[in-house]
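**Student:** In the order they appear, the protein sequences are chains C and P.
Residues 1 to 197, numbered by this note's numbering, are exactly what the first sequence covers, in order.
Residues 1 to 197, numbered by this note's numbering, are exactly what the second sequence covers, in order.
Derived from the structure by calculation, the hints contain no laboratory data.
The hints are all genuine.
Identical chains share a label here; the pair holds if one copy fits it or two copies do between them.
Using 30 Å as the maximum straight-line C-alpha spacing, the simulated DSSO-like pairs for lysine-lysine come out as follows:
# : residue 1 : residue 2
1 : Lys133    : Lys101
2 : Lys77     : Lys54
3 : Lys37     : Lys125
4 : Lys37     : Lys126
Letter by letter, the chains look like this.
Number of protein chains: 2
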Amino acid sequence: MELPTILSEAIVEFSKLPGIGERTATRQMLHLSNWDKIDLLKFGESIKALSELKYCQDCGLFSEVEFCHICLNEERKNSGTICVVESVTDALAIERTEHYKGLLHVLGGVLNPLMGVGPEQLSVKKLIDRIRKDQISEVILAVNPSLEGDATCSYLKMYIPESVAVERIGFGIPIGGSLEYLDSMTIGKALENKRKL
Amino acid sequence: MELPTILSEAIVEFSKLPGIGERTATRQMLHLSNWDKIDLLKFGESIKALSELKYCQDCGLFSEVEFCHICLNEERKNSGTICVVESVTDALAIERTEHYKGLLHVLGGVLNPLMGVGPEQLSVKKLIDRIRKDQISEVILAVNPSLEGDATCSYLKMYIPESVAVERIGFGIPIGGSLEYLDSMTIGKALENKRKL
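Take the sequences, apply the hints, and build the full model.
**Tutor:** What follows is the structure, encoded as structure tokens:
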């Protein structure tokens with residue numbers, strides 16, 4: 001049985017989301033088709049409104065005004081520390097810990113020449129400008145561990161002034177993790193990163 | 001860090017979908033926030049358009065016109081068989097097999113008095129009317145196995161004319177399934193439903 005065009009169009013759109021296959025999209029859109037009209041209109045509008053989101057001109061986080069409250073926070077500005085992350089989601093994860101009191105900087109991805117992502121596609125120049133302008137003395141690269149992430153870190157290190165301490169976030173066993181189930185790469189890194197008790 | 005209102009509203013809407021928690025919704029909406037404006041508007045519109053979906057007056061499947069192509073198909077109409085399913089999704093699953101050549105009927109759920117679902121909330125009266133009108137001789141209850149599904153089947157049996165054969169879809173080991181991993185209820189049913197080779 002062929003699905004109505006309205007439905008198949010919604011399925012095509014929905015399956016563009018990461019991790020959503022055609023089957024899940026079909027199930028979800030069939031579920032949506034049972035919703036009240038008013039709820040569907042509200043949902044549709046909320047998706048459309050996402051195109052109105054604004055970002056901080058400095059760090060790339062969400063902000064209704066030109067600069068976000070983190071970049072405007074004097075205490076965080078004076079910390080002399082900037083933490084570089086790949087995405088807004090990663091920045092939010094750092095913020096959620098409430099452990100970090102320095103500035104943030106969203107790169108917008110990692111270098112991936114095969115996918116056409118070079119330094120121009122990322123917020124690299126802005127980062128170097130900020131390091132100079134805000135008199136940063138410590139850069140924490142909280143880039144995820146992957147081939148591209150590692151390459152990005154090496155690349156950034158080259159362009160960051162030598163007077164600035166450049167560090168990468170620690171790798172090892174996650175809290176609650178178990179050696180039995182972790183991959184050898186992680187365990188290897190954890191052994192490398194051992195610390196005196 | 002607080003999320004912008006636009007984003008948190010989209011997250012609230014998105015997490016109303018079945019199986020989507022706040023975390024997944026956040027991740028998906030953050031992903032959406034990177035989409036081009038034109039794609040977001042298209043996605044939003046496709047969700048809103050779902051409120052325009054039309055259903056067949058007889059069986060409850062999708063149909064742009066009053067009656068769907070299954071209900072209008074003379075061959076299927078003359079089969080004298082009607083297959084009762086809970087939802088449009090289940091009806092689509094039956095159609096996908098290409099094994100079934102009779103009529104379909106979407107109940108719209110199963111009896112669940114605790115959740116306020118009685119016979120009036122389901123398409124029960126319409127089913128009985130169709131059985132009479134279309135001179136149905138065989139009703140296949142393809143209702144899913146659950147307490148409520150079983151109760152619904154017993155209820156329907158009472159109201160279907162005695163001259164009509166009422167059957168329930170077969171339960172047993174699914175193809176590709178393994179006794180080792182199946183629950184005892186399924187294996188019990190499979191033993192009950194053994195067939196001569």
